[in-house]
Structures are given as C-alpha cells and as structure tokens.
Amino acid sequence: MSLALTTFPSAKEVSAALKQGGARYLGGGTLVVRAVNEGDIATSAYVRTNDPAMSGIDVSDGRVRIGASVTMAAIARCEDLGMIRPAAKAVGGPAIRNMATVGGNLFAAAPYGDFAVALLALDATVHCAGGDMDIDGFLASRDDLTERGIVIAVSFKIPEAGSFRFLKVSRVKPKGVSVLSLAAVIDTGANGNVSAARIALGCMADRPMRAVSAEKALSGAKLTKDGITEAVSVIGSGTEPLTDAIASAWYRSEVLPVHFGRLLLD
Amino acid sequence: MARVPVQFRLNGEDRAEFVESGTTLLHALRDTMGDISPKGGCHQGTCGACSVIVDGELRLSCLTLAESCEGAAIETTAGLGRDGVLYPVQRAILDGFATQCGFCTPGMVMAAKALLDHTPNPTREDVIEAISGNICRCTGYEPIINAVLAAARSNSQNAG
Numbered sequence: 001m002s003l004a005l006t007t008f009p010s011a012k013e014v015s016a017a018l019k020q021g022g023a024r025y026l027g028g029g030t031l032v033v034r035a036v037n038e039g040d041i042a043t044s045a046y047v048r049t050n051d052p053a054m055s056g057i058d059v060s061d062g063r064v065r066i067g068a069s070v071t072m073a074a075i076a077r078c079e080d081l082g083m084i085r086p087a088a089k090a091v092g093g094p095a096i097r098n099m100a101t102v103g104g105n106l107f108a109a110a111p112y113g114d115f116a117v118a119l120l121a122l123d124a125t126v127h128c129a130g131g132d133m134d135i136d137g138f139l140a141s142r143d144d145l146t147e148r149g150i151v152i153a154v155s156f157k158i159p160e161a162g163s164f165r166f167l168k169v170s171r172v173k174p175k176g177v178s179v180l181s182l183a184a185v186i187d188t189g190a191n192g193n194v195s196a197a198r199i200a201l202g203c204m205a206d207r208p209m210r211a212v213s214a215e216k217a218l219s220g221a222k223l224t225k226d227g228i229t230e231a232v233s234v235i236g237s238g239t240e241p242l243t244d245a246i247a248s249a250w251y252r253s254e255v256l257p258v259h260f261g262r263l264l265l266d
Numbered sequence: 001m002a003r004v005p006v007q008f009r010l011n012g013e014d015r016a017e018f019v020e021s022g023t024t025l026l027h028a029l030r031d032t033m034g035d036i037s038p039k040g041g042c043h044q045g046t047c048g049a050c051s052v053i054v055d056g057e058l059r060l061s062c063l064t065l066a067e068s069c070e071g072a073a074i075e076t077t078a079g080l081g082r083d084g085v086l087y088p089v090q091r092a093i094l095d096g097f098a099t100q101c102g103f104c105t106p107g108m109v110m111a112a113k114a115l116l117d118h119t120p121n122p123t124r125e126d127v128i129e130a131i132s133g134n135i136c137r138c139t140g141y142e143p144i145i146n147a148v149l150a151a152a153r154s155n156s157q158n159a160g
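Protein chains in written order, with the UniProt record's numbering: chain A, 1 to 266; chain B, 1 to 160.
In case anyone wonders, no lab produced these hints; they're calculated from the structure. For glycine and all other residues, C-beta sits at the position ideal for the given N, C-alpha and C. Each hint should be verified, as a subset may be incorrect.
The calculated lysine to aspartate or glutamate pairs, modelled on EDC-like cross-linking and capped at a C-alpha distance of 20 angstroms, are [stated by the list, open to error]: (1) Lys-173(A) to Asp-95(B); (2) Lys-173(A) to Glu-142(B); (3) Lys-157(A) to Asp-58(A); (4) Lys-157(A) to Asp-134(A); (5) Lys-216(A) to Asp-187(A); (6) Lys-173(A) to Glu-125(B); (7) Lys-19(A) to Asp-123(A); (8) Lys-173(A) to Asp-31(B); (9) Lys-19(A) to Asp-132(A); (10) Lys-216(A) to Asp-123(A).
Far from chain A by the CB rule (all over 12 angstroms, computed), these chain B residues [said to hold, decoys possible]: (11) Arg-91; (12) Gly-133; (13) Pro-143; (14) Ser-154.
Chain A stretches covered by chain B per the calculated footprint, using a threshold of three residues with CB under 8 angstroms from any CB of chain B [to be verified]: (15) 23–30; (16) 84–95; (17) 249–260.
All chains, full assembly: derive it from the sequences and hints.
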C-alpha cells in the first residue's frame, strides 16, 4: 500500500499538518517507511519539509549545530565532528547511514538510536518548531507533538578533547544491532580526578537514559580500576532493559558493568 | 490513490513516469519501470537486497520513496553490464563462485560499486564495511569479499 506524500515549505507548516491524526513525518525513511512496510495502519499520510534550516552543519563559537535532516554519513564525513564520528558510524550499514537522519535517530526506539545516546551524553539542545528543549526533557516527551512541533536541529557544546567516549556493543561486526550502547562526557580536574560526568545508556530502557547514580559516584573519583568501583556497581540503577532477539534483559544487565568499566578505562 | 509525475535518470536514461504518491522506489522500479534487478527482501532496511545508488550514494530502495528521487541519477545492477561485458564485480563474482541462490547478489554488487567508485583500491576491511548492510544466507561472505577485492585489482590493472 502506498500513502500520499505532501511537502511543506517550512517546519511550522509541517508541524501543523502533523497534528492531524495519521500523518507521519518523513525524514530518511528508515523508521517511518519501514513501519508502513511492516503494516503500520496508524499511518495514513507522509509529510515532509524542505526547510533549509533543517540541513547543514555549523560549527562555531565552541558549539555544533546539526540540522535534523543531516544524515549519519554526512556527520561521519565532517572533519569538524571527528569526536562524534564513532557514534554516527555505529548506526546501521553504509546505505542506512546515507539515509538515517539526526532528527529521526532521536525517535528510534531501542535497540536503535545509538546516535541519540551520544547526544544525551553531550547534553544537546533540541531545537523544535515550537521552541528549544534540553534533550532530557525532549526524550521524556518525544511522542508528544502538541507543543514542540517537529525537530529542526540539535546543538551541543564541543567537549574538551578526549572527554567524550562512546561504545556500542553488538554481536555482529562491523554492523550489528545494539546489545547496548554507552556514551559519556567525563571531565577531569588538574589532579586527575573526575570533575564532572554525564553518562548515557542505550537499550537499558525504551529510549536513551541517563545513568545518574553512576554520574554521582564518579564525581571526584580517579579513573583507575579501584577509583571507578562504586560507579561500576551502580551503573545499572534504575534501568529497565528490554528483551529482544539480540539479547535478554538479564544479559544486558549482566554485561553493562563490564562494558562501562571498559568505557572508563580503555 | 493520486498518481504523481516523477522524472529521473535511470542507468543513464532519462525517464518520466507516473507513480502512486508515496510508493517506494523499489516498487516503482520493479512494477512500473520494468527494472527487476533490485530485489524485495525484508522491506525493513535490514537485508540490503534492494540496494541501489542514488546520486552516487548507496540507498535502500525499499525505504526510499520514488518521489524523493525527483531529478536524481539512479543506478541499478541492470545498468552495469554494457555491450555484453559484465561490470568487473559481476565478472569477479561469477569467476569466484561467489553466488549461490543469487538473491543478495544485485545488492552486493551495488554496495561494492558504491565502494569502488569512491575507494578504487580498498582494503579487506573496507570491503567488509561496505557490504556490512547486505545479508547473504547461502554463499557465505568470504567469496564475495574476495570477488570485490579481485574486481578492484582488475580495475587497477586495467587503469594501469
């Protein structure tokens, strides 16, 4: 079955169109067209926009702004975004990366959405047609279009060199669906102790989540095997991992501390 | 369902077609335009059997709407062989016994072409990465990887 596609000139207009039941925003198509192909009868029409605000990457004044329509492949190619390249390259195979967009990844349910995990760790701001939101708030209410409208772009402060870490755990290399994914921005002071930590987990809930207990436990700690012991012991706090064809919830819970330790020490 | 006009260049030939709004490029190619080289496998973006090249980039035709390709240059496996001469990756796949049921082959060939167009002398790791979105369930990946590397060597020798 095919569904009519309508193109709107601006993000505000397409946001209004989306409030009509059944319309779904079409970005790269890797989520929406897939759902329709699988028989998603809730979708009755595709809408999209060619608003120029949604394309392009801007790096200036220590911040990065990435349009919602920018693909994972474009991010991976961007020389200014080398620190986040591993997260962009973690998404699918080459064809998927040529299609999957930043905006779409924010809506990908676990076990997908690896790039959104990185954005959560980077404390990104999500720029929507209805205003800006911090990514924590956005992810908590991402299915509610009533106020925010569509995503136009994301932006984040460029982290200090070496402070951003990303790890995707999968059973098939080089492309495989996530058992789990981890991202963190860890700043250290002059004494080598952790001065600030922001840690995000993928596949440990239905959407990317913060590891708040581990962040607190890591504060002031040294990044040594002994120094991270407490943080590793609480990394699973508050998680509700899913069971799917890739891994069981039990398995994900068991391996999370191991990979978190590697993320911190490797 | 409304039909919409779409114009694009398919394997070097200008095409103007009417397609149902919202139809996928895979359906448009196979059902409307008679190019059955892209295969409909999973329709989920997982198997890669429907891979085509759109404006130089590998894409999945099962997840791409035909309308979104307005004005684009589309390449499929059907357009690769010219005047009875196979594209080097096709030749290498035959020579290297790198196909059994053949269902994945068109997608593998397009993934390999997308790689070789940008990276004429790939490493083995480059090839593995390039075909990582394409699933084969009978040939096994080793003969395919070797075929792509052989095609690259063949291209390199011919260019030299």
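Each hint tested on the structure:
1. Lys-173(A) to Asp-95(B): 27 angstroms, violated
2. Lys-173(A) to Glu-142(B): 14 angstroms, holds
3. Lys-157(A) to Asp-58(A): 12 angstroms, holds
4. Lys-157(A) to Asp-134(A): 13 angstroms, holds
5. Lys-216(A) to Asp-187(A): With a Cα-Cα distance of about 13 angstroms, the restraint between Lys-216(A) and Asp-187(A) holds, given a limit of 20 angstroms.
6. Lys-173(A) to Glu-125(B): Status holds; Cα separation ~11 angstroms.
7. Lys-19(A) to Asp-123(A): 28 angstroms, violated
8. Lys-173(A) to Asp-31(B): Outside the cut-off at roughly 35 angstroms; violated.
9. Lys-19(A) to Asp-132(A): The given pair, whose Cα atoms are some 19 angstroms apart, holds under the 20 angstroms limit.
10. Lys-216(A) to Asp-123(A): Holds. Lys-216(A) to Asp-123(A) sits at ~16 angstroms (cutoff 20 angstroms).
11. Arg-91: 23 angstroms, holds
12. Gly-133: 2 angstroms, violated
13. Pro-143: The claim stands: Pro-143(B) keeps its Cβ more than 12 angstroms from every Cβ of chain A (closest is about 19 angstroms).
14. Ser-154: Ser-154(B) is indeed farther than 12 angstroms from all Cβ atoms of chain A, at 22 angstroms.
15. 23–30: holds (count 4)
16. 84–95: Holds, because 4 residues of the region 84–95 of chain A bring their Cβ atoms closer than 8 angstroms to Cβ atoms of chain B.
17. 249–260: violated (count 0)
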